[in-house]
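Engineer: What follows is the residue order along each chain.
Protein chains: 2
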Amino acid sequence: MFNFPEYLFLQVGLNLTQICLPRECTEDEIIEEVLKLNQDPRVHGVYLHLPPVFLTDAPLDGKTVVVVGGEGPLGIALQCLLQRGGMFVHNCHRNSEGLEKQVLDASSSGVGALTAVLRMQNVVQSSSRWAQQQQYRPWILRSLKLQPLSPVPRDIEISRAQTPKAIDQLAQEIGLLQEETEAYGRTKAKVRLSLLDRLREQPDGKYVLVAGITPTPLGEGKSTVTIGLVQALTAHLKLNSFACLRQPSQGPTFGVKGGAAGGGYAQVIPMEEFNLHLTGDIHAISAANNLVAAAIDARMLHEATQTDKALYSRLVPSVNGVRCFSPIQVARLRRLGINETDPSALTPQEVSSFVRLDLDPAKVTWQRVVDTNDRFLRKITVGQANTEKGHMRETQFDIAVASEIMAILALTDGLGDMKTRLGRMVVGSSRSGQPVTAEDLGVSGALAVLMKDAIKPTLMQTLEGTPVFVHAGPFANIAHGNSSVLADKLALKLVGEDGFVVTEAGFGADIGMEKFFNIKCRSSGLRPNVVVLVATVRALKMHGGGPNVSAGSPLPKEYINENLSLVAGGCSTNLKKQIEIAHLFGVPVVVALNVFKTDTQAEIDLVCRIAKESGASDAVPCHHWALGGRGSLDLAQAVKRASNQPNHFQFLYNQETPIVEKIRMIAQKVYGADDIKLSVEAQAKIDYYNQQGYGNLPICMAKTHLSLSHMPELKGVPTGFTLPIRDVRASVGAGFIYPLVGTMSTMPGLPTRPCFYDIDLDPVTEEISGLF
Amino acid sequence: MFNFPEYLFLQVGLNLTQICLPRECTEDEIIEEVLKLNQDPRVHGVYLHLPPVFLTDAPLDGKTVVVVGGEGPLGIALQCLLQRGGMFVHNCHRNSEGLEKQVLDASSSGVGALTAVLRMQNVVQSSSRWAQQQQYRPWILRSLKLQPLSPVPRDIEISRAQTPKAIDQLAQEIGLLQEETEAYGRTKAKVRLSLLDRLREQPDGKYVLVAGITPTPLGEGKSTVTIGLVQALTAHLKLNSFACLRQPSQGPTFGVKGGAAGGGYAQVIPMEEFNLHLTGDIHAISAANNLVAAAIDARMLHEATQTDKALYSRLVPSVNGVRCFSPIQVARLRRLGINETDPSALTPQEVSSFVRLDLDPAKVTWQRVVDTNDRFLRKITVGQANTEKGHMRETQFDIAVASEIMAILALTDGLGDMKTRLGRMVVGSSRSGQPVTAEDLGVSGALAVLMKDAIKPTLMQTLEGTPVFVHAGPFANIAHGNSSVLADKLALKLVGEDGFVVTEAGFGADIGMEKFFNIKCRSSGLRPNVVVLVATVRALKMHGGGPNVSAGSPLPKEYINENLSLVAGGCSTNLKKQIEIAHLFGVPVVVALNVFKTDTQAEIDLVCRIAKESGASDAVPCHHWALGGRGSLDLAQAVKRASNQPNHFQFLYNQETPIVEKIRMIAQKVYGADDIKLSVEAQAKIDYYNQQGYGNLPICMAKTHLSLSHMPELKGVPTGFTLPIRDVRASVGAGFIYPLVGTMSTMPGLPTRPCFYDIDLDPVTEEISGLF
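Chains as they are written, first to last, in this note's numbering: chain C, 1 to 772; chain W, 1 to 772.
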């Protein structure tokens, strides 16, 4: 019979956790406990918290110390098991049956007393081995061979033809500890944020942003450039690199655009896993977003149909004769300036202000979301059933990625911060004009619980077996359109000082890059080393005066045949301007020309020449779509060189600048507008936000991506225009003000023949067809 | 330089798959390929398909054979690598770096020619080892120790105090192969359906259904009884057993009811993982359901605003000058009786009937869903934005688990069947009265793709470390309320011939059990061995004439103090009747009395005595809530005995019986009604369904669970009533007709103080509080 103290402290990750053992337990029970620990991959070691008497030579009255060293995937191996008075020490390895036998043998044949010194030695050895494991480990990455075919097959066929590495294998190759990953199937894993603690002292790698010139409606391939670049860096130049991508909405996957996993020989694989559900983050966002919405309408109904007293007795019920405020209610009381903690001591007026959020139905700004292109939900009336007693109101659904919760996920730096941001989200205002938050609704804890796994970035791989983080994908129309701060931070630690993290900004550089710098970098504190500006001959010709390009129509001949003057026109206008925008922020630019098969050598050469004349550090053609990483070697070399250039990063504006001034600076310096013009509504909102103390939030412009101006049809570099600000809104939880320039749709529609017509599953092979 | 034949055949699971190798490849490339295989856990062996010349002694012209034996988790070990003329054989183990070196050594120092006999011997050895691995393996289950505290702590605290086994450990213990599971984090794994093929010849275990008497609104604990029973069977009696549970909707988790992972010391752990997101199945259902909804409204709009010609040119566009029907369009053409395959050859009339589904907006039966208790979506108007050009209509959202896709998931027996059922779901009717299906909308392939992972049941564990499947949870109000056929089938193979699968039916036995037999068993072909009927003294007192019981109000004293006459009254009415209902189907009944701390010994004895007098094979008190499996030992023994009794299972009705007769048989024989009364609307629907050929579908009654009758306030055994059938609907994809008895809400609401007020996440420890 051993005597255990009450608690065993388990070293889990970097923290200590407790487990309970009964004060007295038998040998069998200890072995049971040790075997259980042996199978828990989070456990690196176990030690008992002992009183000071431990360090004397006096008998320990049966106190026991167990020191177990971590051994990775097979579980922990028992290093030694010491007991004063009937003491034993034994080394055991891996096999848990053998372990059990040895513990039994040892315990029955005690090897005599050992000194405290020996015991401490064991502790120190075990601890230092553990500490070593916590260090940064260089990558030992096995890349996957690519044998590109010509003509290039369809995306899903290329993806399917490659066998991805097991995701735990990839995780190990890039230095992740086993307990830092959570597999989701065989090709995806979530990575725990504890990594940031473990590698706190590790210097960050180089931070590369991929942005683009103003695109055609067909898109110019920023994602494929991003993926091609990391394939080149890691699989070919043997430099550590990570791509950080946005998770795509499922709406476009089944609607018009198709998937977003890259394309050709620069893809994230398996592309169907990337495009469908992934690890459920967007689903979690939808669930959290819609819980807030349901809480809003239900609360308005309950307030409208109940007295203060009835509301109070329901909100603070007597449970087994005891009435008390929940912590989330205490928080609301504090905001109301009520310091009372006894529910029976509130004055009727205090009760009233506590129970009534008094939301103005006409001023609810929170919308429901769905991750489907469902145009009929753009404007709806809810509450028409009899059970809702006539409390109907007009509202709308947005696409799920337009939820403020998605913007928060992309900007947060950890669980605590996310919870705070979720709680301060403003869902509308009261009849007296006060903002009402998610915390006022009592729902902020539940939101954090719903989002607890979504906060961990998802690890996947490229076609060449290099690592990719997929995390967050805020709608670029009304939010900042960049992948998550957390994924970038994790990746910057993992690649090491000489490695590269390549992250992507949505839309053209005037929108995505500007928000990357002014919002994302401001929030994260990270500083970019290089901007890769993606251009295509197609888009340049359009900016040079080429005819209209639209989805679904055949490309005019100007885009198929060589036309140097159109190309030159585009280079000296839009391309030059976008380079200048990056330079406003003090960051060197490499132009990546995403080469199509119709581009001629003369066109390619012309783009590279003008780009360099316009101030780019370098400009190179990229052939990743047809060739994979091998096609982006020049880009990789150029990025490596540019990353060593001096860097004078600066924000465009100071956060404390008044809202109107911040908007004007973006409009004039980035878009090239003469000035801005605020609607009456916009001005009123700005006044309100200033009054509420939101005036120092950064600005997130909601503007078309198809022109530097607010008019999609104006290509090149429009000048002489005044930017109209129709309305101004705030995402207080995410932390930005978003002025609306024109009408931004937050819910796409389905075309007459959506993508889904071609999507199918073979029930026997389980192979998917028709995704692209 | 080796010469490889064109294909390598990889043995993946039970199938053979091909990978491509170039006809000529270098040593490096072969090693690369072998290392890749070594890391692919699906690969058990590799062999080259060789021409007959292989078996002669003549030189093989450079052909190569590689035989690789599977070695489980660490990847495959290379068994031997043979080549005629410069041939080598080498055994390598586990370590891939060592492997690489040995392959290189061997290839450079060839060990001379080997006979074809030796080569074949290696193939045979490797194959037989592989074949052995495919056999059924007895369980070697390590149960988790429970040390129940008194008073019983809160559910989340009990759950958190237990360290679950790593899920891959549990999977291995119950004989799953590594390639049959897909981990989702550390405590959940999806199990692949290939298991059914592998264990095709393995006899099924015993099949136990847990049902209940008519409950109070508080519920009588079927889930805890289910979990307590498997804990007792497996952790204490050392008999293999599996619990098959429904996945709960997140709506109630944050609304009124709280979680559904059991309670006290009979829980599925970690309970928060069980209650939140799980492995995303309900999210997948929502996504699939709402894609159908978006497709319906968009299609109606497009048909209303386009000519036949415009619709046709969009639906069958010219891509690179070629126009063709997609497979899903060909299927629709066939249903229309059009055999043409050339799009240009259709007559204008054929084009019109092809492009126009002509859905009647007033007859769309498909609803959108959301997994949130959002009462304001019970009746809404959609399409009010200008972009929808006035095509607004009234519709509603249901809770996600009410989706027909959930009912399909619960009844399907595989991917092929699921895809067929999804395609034949009827979403509404055309203006000419014809049913319009999901396949007509072109969306059925996409639905199967969205549901491809949801079809795999999720493995979790009880507090005592015994296995649980969580899969599907169709709304018992309007669907059959039972967990999935697939989970039951997988579990019946895994437990082995002497094992037990315990599955649960929602609501009282008059509803859940009746549907389990008539719908689920009919669909699956499985036959139950025992029914466990759960009763509580509380519910029995209510049926014996006790005062009203309602959620939120304190229990009247009759339910707290001993009252034998009320108990006796409930036993001789509702309990007796529910036992008789099970006997209608020829299955033995064990009554499980879920004991509360207020129950007296005299009350307990009385229930057990009357239950046995009423025909139960046995009746035992259960203390699982306070004691875990140890508290359900008597129940486990009773179930074991009952499972050996003769069993004369029969359906209540023949499927070919007319709809009205089937409804009447259920009403009279199960509910005890005198007769049924059809509304005019119900009769018209039945005529329509008969005409459409749906007359032979089984019946899924939508009736209150709070009474055997349609009137919730009638307790005990109501008699002398006529059951009104208000309306009749059909879930053609799932395969049942559901008559509505009264009004069934398909969207719960939030109370004034929803559960979420108490739910919180500690951002440092990541511990959740307030879930129950």
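Think of the hints as simulated: they come from the structure by calculation, not from any bench.
Predicted, not measured: the structure shown is a model, and the values here were computed from it.
Treat the hints with caution; some may be incorrect.
Each pair may be met inside one copy or between any two copies, as identical chains are not told apart.
Said to hold, decoys possible - Here are the simulated lysine to any residue pairs, SDA-like style, with alpha carbons at most 20 Å apart:
| no. | residue 1 | residue 2 |
| --- | --- | --- |
| 1 | Lys597 | Val319 |
| 2 | Lys452 | Gly185 |
| 3 | Lys379 | Glu613 |
| 4 | Lys257 | Ala161 |
| 5 | Lys576 | Ser313 |
| 6 | Lys379 | Gln396 |
| 7 | Lys145 | Asp762 |
| 8 | Lys257 | Ala602 |
| 9 | Lys612 | Leu346 |
| 10 | Lys379 | Asp674 |
| 11 | Lys309 | Pro751 |
| 12 | Lys379 | His391 |
Engineer: The structure should be examined with respect to each hint, and the outcome stated for every one.
Structural biologist: Okay, the hints, checked on the actual structure:
{"no.": "1", "hint": "Lys597 <-> Val319", "result": "between (72 Å within a copy, 18 Å between copies)"}
{"no.": "2", "hint": "Lys452 <-> Gly185", "result": "both (19 Å within a copy, 13 Å between copies)"}
{"no.": "3", "hint": "Lys379 <-> Glu613", "result": "neither (49 Å within a copy, 62 Å between copies)"}
{"no.": "4", "hint": "Lys257 <-> Ala161", "result": "neither (23 Å within a copy, 48 Å between copies)"}
{"no.": "5", "hint": "Lys576 <-> Ser313", "result": "neither (66 Å within a copy, 41 Å between copies)"}
{"no.": "6", "hint": "Lys379 <-> Gln396", "result": "both (5 Å within a copy, 14 Å between copies)"}
{"no.": "7", "hint": "Lys145 <-> Asp762", "result": "neither (27 Å within a copy, 45 Å between copies)"}
{"no.": "8", "hint": "Lys257 <-> Ala602", "result": "neither (31 Å within a copy, 70 Å between copies)"}
{"no.": "9", "hint": "Lys612 <-> Leu346", "result": "neither (71 Å within a copy, 56 Å between copies)"}
{"no.": "10", "hint": "Lys379 <-> Asp674", "result": "neither (35 Å within a copy, 49 Å between copies)"}
{"no.": "11", "hint": "Lys309 <-> Pro751", "result": "between (52 Å within a copy, 16 Å between copies)"}
{"no.": "12", "hint": "Lys379 <-> His391", "result": "both (17 Å within a copy, 12 Å between copies)"}
The structure is inconsistent with the numbered hints 3, 4, 5, 7, 8, 9, 10, although it conforms to all the rest.
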